[in-house]
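Asks: Turn these sequences into a full structure, and let the hints guide you.
Same order as they appear, the protein sequences are chains A, B and C.
Numbering follows the working numbering, in which position 91 of the first sequence is assigned residue number 91; successive positions increment by one, without gaps.
Numbering follows the working numbering, in which position 209 of the second sequence is assigned residue number 209; successive positions increment by one, without gaps.
Numbering follows the working numbering, in which position 6 of the third sequence is assigned residue number 6; successive positions increment by one, without gaps.
It is worth saying that the hints were derived from the structure and are not from the lab.
The C-beta atom is built at its ideal place from N, Cα and C for all residues, glycine as well.
Keep in mind that the hints are not guaranteed to be accurate.
Examples of chain A residues lying across from chain B (beta carbon under 10 Å, computed) [to be verified]: (1) His10; (2) Tyr22; (3) Lys34; (4) Gly76; (5) Glu90; (6) Ala94; (7) Tyr137.
Some chain A residues flagged as far from chain C (calculated, every beta-carbon gap over 10 Å) [what the hints assert, rightly or not]: (8) Lys2; (9) Arg8; (10) Gln9; (11) Pro53; (12) Ala74; (13) Ser79; (14) Glu125; (15) Arg133; (16) Thr135; (17) Asp142; (18) Glu151; (19) Thr155.
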Amino acid sequence: MKFVVNGRQHTSVAGPLTTLLYVLREELGLVGAKAGCQHGSCGSCTVLIDGEPRRSCLTVVATLDGAEITTVEALGDPSHLSDVQVAFNEHYAAQCGFCTPGMLLAATALISRKGRPVEREEVVEALGGHYCRCTGYVRILDAVVAASRGERLGTMAPTALEIRGVEP
Amino acid sequence: MKAVGASLPRYDGVAHVTAASRFVDDFSLPGMLWAKALRSPVASARILRLDTARSATMPGVHAVITHSDVPNNVVGHQEVWGIAPDEPLLAEHEVRYVGQLIAVVAAETEAQALAAVQAIEVEFEERPAFFDMRKAWDSDQPHVTPDGNVYFYYPDQPQRQIRKGDVAAAFAEADVIVEGVYRPGAVEQAPAEPASALSVAEPNGRVTIHSTSQALYYSMDITARHLRMPIGQLKFVGGTVGGGFGGKIDTLTEPVTAVIALKARRPVKWRWTREEEMLCSSTRAAWHVEIADAVTRDGWILGRRTLTLHDAGAYMRTSAYACSKHTFHLAGAYSIPACAFNTFVVMTNHVPTAAMRGFGVTSASFAVETHMTRVAEVLGMDPWELRLKNANRVGDTSPSRVVYGNPSTVTTLLVAAEAAGVKLPPKQRAMTNAMREGALLPAHLVEQQRKPETHLLAWRDGRPALEGGS
Amino acid sequence: MLASRLAAPEPEVVVARSEAEAIAVFGDGAGITVIGGGTIVTPLLTHGAIWPERVLMLQAAGLDDISGRDPLEVGGAVTLAALAEVAPEPLAAAARIPDYEIRGQATVGGNVTVGGDLQPALIVLGARVRSAGAGGERLEPIEDFIAAPWGRLVLSFEVPRPLAGAFVQQRRRHSHTHPVITVAVALRGDGVHVAVGGLAEHAPAVACPSVERALSGGAPPREAAASVVEDVRPEDDPLASAWYRSRVLPVLVARALEQLEEAR
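Replies: See the structure below:
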């Protein structure tokens with residue numbers, strides 16, 4: 001089965017009922033999508049399929065002919081983070097980090113879908129199926145709203161970790 | 001200390017948002033095998049027969065392990081504290097809880113491992129199971145352990161106890177006795193990341209174990225004892241944990257994967273499913289807490305008796321420790337001159353219990369604080385006033401006779417009231433931890449503390465009772 | 001069962017390219033596992049709960065069309081999200097299951113077959129379902145189908161358009177469990193129809209003739225709602241007790257009927 005992952009053509013040798021989660025992690029070494037429950041209940045495995053957020057643990061290869069997959073690895077890297085990644089970092093929306101990739105992609109898709117700053121309720125609706133046990137969700141909502149407004153506090157220089165307000 | 005109060009970047013913040021943080025399941029090694037476990041479907045049974053022969057020859061299977069493969073199968077989680085080892089890593093003669101590990105398979109794919117597990121032949125002779133800890137002393141209940149269902153902290157004494165002051169006198173002197181029973185239930189920590197381990201048998205005899213443990217040295221010690229290896233022969237890699245909350249301290253995945261990796265001579269990864277996390281991993285225990293307070297009409301708590309039952313589940317693990325912690329905290333943040341606390345560890349056929357955020361203490365806090373509000377209701381007193389009155393002050397002693405140098409109860413209550421928008425009268429808002437009304441500690445309370453202990457644990461119908469014995 | 005697991009490691013997978021092919025491959029439903037959206041079956045495969053020998057996949061079988069207005073014609077593989085866009089109430093509300101990602105993948109056929117949220121809404125709308133299986137193709141009222149859905153391949157639904165509809169549900173929002181209670185009501189030419197679902201895991205939704213009779217007899221919503229307990233047999237399950245369901249049902253039915261009044 002041929003499909004595109006993060007802009008690159010991939011031919012999977014996996015059987016038709018192999019999950020996309022397995023292909024990403026085991027064939028492609030893209031371990032951002034996580035096996036949190038493998039029931040479609042937690043959202044840790046979410047990736048974008050043709051721009052739409054979907055559970056990779058529920059998606060089998062046979063349904064992916066010609067599909068375009070986007071994983072968290074395509075959102076940005078430390079020297080060039082996306083608005084959503086910066087916002088999650090600045091608002092402490094990631095603690096253990098396990099749910100974070102799924103949240104980032106669902107948030108990115110939401111903002112793209114709306115094409116404008118989003119309301120808190122819209123974030124709850126779009127990310128409501130994503131399970132976080134660490135943060136209590138509030139900072140995640142803050143981050144997504146902030147990202148949708150293109151807000152960057154500038155508090156987290158990714159390469160220069162300076163302690164703010166503290167004399168050396 | 002200049003960092004206190006500053007908002008600092010998380011050292012792993014960028015790694016989290018770029019998915020560069022490496023959890024155990026993100027590691028893959030050449031030749032790595034996947035593990036799946038056969039677990040008990042029943043709560044209590046003898047194992048009559050266990051045959052892994054067919055599963056061992058199934059496609060993709062490299063090793064199957066049972067109890068006989070574990071160098072030291074029965075280890076206790078707290079042997080260092082004198083608690084005798086009681087728990088097999090892999091079940092031998094019996095199973096004591098639904099989900100207990102019986103055998104583990106390592107195969108080239110998860111599907112092959114799953115199929116091989118389903119091919120393991122096991123026969124059980126089911127027995128009645130014991131679930132209600134309140135019946136721990138009933139003679140008609142099945143026994144979870146050969147020694148019965150109540151753990152003995154000391155040869156002649158099952159309960160963890162605290163005694164301070166003359167509780168009998170306090171109860172005789174009281175205007176009102178307020179009783180309550182509090183039963184916080186079991187809670188599953190449910191971290192987003194299921195427990196996982198990846199073990200590698202190194203050519204030089206060492207074992208490298210990627211672990212989700214919250215307590216790496218603790219898990220190393222238990223693993224070393226199961227393997228009969230010096231601890232220096234193990235290398236644990238971990239610290240990036242996808243949530244633990246107390247549920248990733250009990251040590252099973254590491255020794256199991258180590259044993260099977262050694263047998264298969266290939267790296268083995270075992271990642272628990274969400275079912276295993278929900279059904280078979282340790283939870284916070286259920287607790288049964290009875291409290292009786294001897295109270296004056298103007299709101300002094302003269303004495304407190306408690307009786308706690310803790311559901312340890314099928315094996316001891318860290319329950320003795322939890323119950324010690326729990327017992328220390330049963331006066332709450334309040335100075336109670338006469339205390340008689342009795343806490344029992346009860347074995348049941350539930351999953352062995354563990355910590356969840358505030359091990360042993362959350363149950364005490366919940367019970368004590370709810371009870372304080374109940375006392376206030378009975379007295380017709382404002383619950384803030386009751387708490388401020390009895391709050392710890394400088395020079396007061398805890399139930400275990402620690403003298404408070406700078407207790408924070410008063411400050412905390414006042415800040416909480418403000419945050420909750422509760423308007424306290426000026427006299428209360430002016431309170432500090434150095435003064436009560438007038439005296440630092442009223443004479444009658446000082447007198448109480450000086451009296452010798454009098455409380456004997458009472459027994460009624462063969463069970464420990466909340467009231468005092470004679 | 002064990003022998004087949006040992007013997008047949010990889011199932012035969014057929015991606016049907018037409019409705020006719022899907023029907024032919026399905027046959028009488030014996031020995032074949034159907035995957036619509038994949039939200040139900042995939043976890044069963046992942047966790048070794050099922051080991052099918054043959055799998056029929058429906059994503060390319062042309063069963064995902066929606067057309068018409070009254071009735072609305074809905075293919076069995078239409079996603080809940082697509083249905084929510086165009087369906088009348090209460091079906092649109094029922095299809096708006098809280099999880100956005102699951103909504104975009106789960107199918108109407110799958111939802112109906114496993115006792116999902118859509119059942120009571122389809123009942124009150126007087127929907128009919130077209131299915132294939134032993135004995136050939138059938139078109140039957142939804143209540144008859146859900147009473148015995150086994151061995152049937154859902155092909156499409158005919159959904160008449162009501163004059164008004166309302167949907168009330170008690171559930172843990174965003175949980176992936178069945179709801180505790182679901183109430184659907186619709187005003188059609190012949191009066192108000194009421195149906196209830198979520199009575200227990202896997203229990204089919206049921207119509208509420210006692211409530212309907214009370215309403216057509218002129219009883220106000222609250223009074224009519226009280227008779228719902230005569231129509232249902234709620235059960236204990238991990239989500240709620242039968243007792244709880246019996247207490248809550250009349251309240252939710254009354255609420256749905258009151259919402260229907262406002263929607264008229």
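Asks: All hints are to be evaluated individually against the structure, with a verdict given for each.
Replies: For each hint, the structure was consulted:
no. : hint   : in the structure
1   : His10  : violated (17 Å)
2   : Tyr22  : holds (9 Å)
3   : Lys34  : holds (7 Å)
4   : Gly76  : holds (7 Å)
5   : Glu90  : holds (9 Å)
6   : Ala94  : holds (4 Å)
7   : Tyr137 : violated (13 Å)
8   : Lys2   : holds (15 Å)
9   : Arg8   : holds (24 Å)
10  : Gln9   : holds (21 Å)
11  : Pro53  : violated (5 Å)
12  : Ala74  : holds (18 Å)
13  : Ser79  : holds (30 Å)
14  : Glu125 : violated (7 Å)
15  : Arg133 : holds (14 Å)
16  : Thr135 : holds (16 Å)
17  : Asp142 : holds (19 Å)
18  : Glu151 : holds (24 Å)
19  : Thr155 : holds (30 Å)
Hints 1, 7, 11, 14 from the list above are not met by this structure, while the remaining hints are.
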